[in-house]
Amino acid sequence: DSGVTQTPKHLITATGQRVTLRCSPRSGDLSVYWYQQSLDQGLQFLIQYYNGEERAKGNILERFSAQQFPDLHSELNLSSLELGDSALYFCASSASPGLNYEQYFGPGTRLTVT
Amino acid sequence: AQRVTQPEKLLSVFKGAPVELKCNYSYSGSPELFWYVQYSRQRLQLLLRHISRESIKGFTADLNKGETSFHLKKPFAQEEDSAMYYCALTPTGANNLFFGTGTRLTVIP
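Residue numbers (our numbering), protein chains in the order written: chain A, 171 to 284; chain B, 19 to 127.
These are calculated hints, taken from the structure and not from any lab test.
Remember, predicted model here, so these are calculated numbers, not experimental data.
Do not take every clue at face value.
Claimed, not checked - Label pairs and their calculated CB-CB ranges: (1) D241/A / P93/B: 34 to 40 angstroms; (2) G186/A / A35/B: 30 to 36 angstroms; (3) T190/A / I69/B: 22 to 28 angstroms; (4) I230/A / M102/B: 20 to 26 angstroms; (5) Q187/A / S46/B: 36 to 42 angstroms; (6) D241/A / G84/B: 17 to 23 angstroms.
Claimed, not checked - A few chain B residues that face chain A, going by a derived Cβ cut-off under 10 angstroms, partial list only: (7) F77; (8) L81; (9) Y104; (10) T119.
Unchecked claim - Non-contacting residues of chain A with respect to chain B, defined by C-beta distances greater than 10 angstroms in every case (computed): (11) S201; (12) Q214; (13) Q218; (14) S264; (15) T284.
Backbone N, C-alpha and C fix where the C-beta goes; we use that ideal spot for every residue, glycine too.
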């Protein structure tokens, strides 16, 4: 599959714990975006990386952090988890930042905090 | 701050009937607007963007700056159009997307 991949598909954990979500962009894409989709807030932009550097920040909590590695995969780290962090987390990638470059979405990781 | 509003959570139309999915936005600058679609068991994908002024799968969307709207329209709905539709906005100079809450369209055979 040459599209955006995300692991794991599902994650169930307890409050207070820490988890790491992983995203591999499409081959050749340098930019990675993270989005959170929850029932009450809808689909929200969290953070963007381009070629290893943070490019833009959205509504990302301080308990959350992300990075993009030299091989361009990205990880989203969520710590001190709360019940309200239960959501679907999407990663998207594009060839380059800029409106002419379509964002391609991954299948998402469903996080359940109990 | 920017905001995208999709007033209808659910919309049902009969096959062959016209369909309009509403999207209103608030943003002080000149945004770029998009429609994304998620079919059952598929990924979220771009349907169309206003800068391209194109028609995709029979859908069109016109940006109305006076009414700050970007409604998605199709003259004759098909069963395969049943999906979740999201309107999204990118502020000037940025490239991250701000999404509306989505409208689930069901086309009744």
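Results of checking the hints against the structure:
Between D241/A and P93/B the CB atoms are about 47 angstroms apart, so this pair departs from the stated range of 34 to 40 angstroms. Under the hint 30 to 36 angstroms, the C-beta atoms of G186/A and A35/B, about 51 angstroms apart, miss the expected range. Hint check: T190/A to I69/B, Cβ distance near 36 angstroms, so the stated range 22 to 28 angstroms is violated. The hinted range of 20 to 26 angstroms is satisfied by I230/A and M102/B, whose Cβ atoms lie roughly 24 angstroms apart.
One distance hint, 36 to 42 angstroms for the beta-carbon pair Q187/A and S46/B, holds here, with the actual separation near 41 angstroms. A hinted range of 17 to 23 angstroms for the beta carbons of D241/A and G84/B is inconsistent with their spacing of about 48 angstroms. Of the supplied interface hints, the one on F77/B is violated, with its beta-carbon coming no nearer than about 16 angstroms to a beta-carbon of chain A, more than 10 angstroms. For L81/B, the interface hint is violated, the least distance from its beta-carbon to any beta-carbon of chain A being 14 angstroms, above 10 angstroms.
Interface restraint check: Y104/B against chain A, minimum CB-CB distance 7 angstroms, threshold 10 angstroms, status holds. Annotation: T119/B was flagged as interfacial toward chain A, and the flag holds, the nearest CB pair being 4 angstroms apart, inside 10 angstroms. Residue placement check: S201/A does not keep its beta carbon more than 10 angstroms from all beta carbons of chain B (closest about 8 angstroms). Residue-level check failed: Q214/A sits 7 angstroms from the nearest beta carbon of chain B, not beyond 10 angstroms.
Interface exclusion of Q218/A from chain B breaks down, the closest Cβ pair being 5 angstroms apart, not more than 10 angstroms. A cut-off of 10 angstroms between C-beta atoms contradicts the statement that S264/A is not in contact with chain B; the least separation is 8 angstroms. No beta-carbon of chain B is positioned within 10 angstroms of the beta-carbon of T284/A; the least distance is around 25 angstroms.
When the structure is compared with the earlier hints, violations turn up for hints 1, 2, 3, 6, 7, 8, 11, 12, 13, 14 and for no others.
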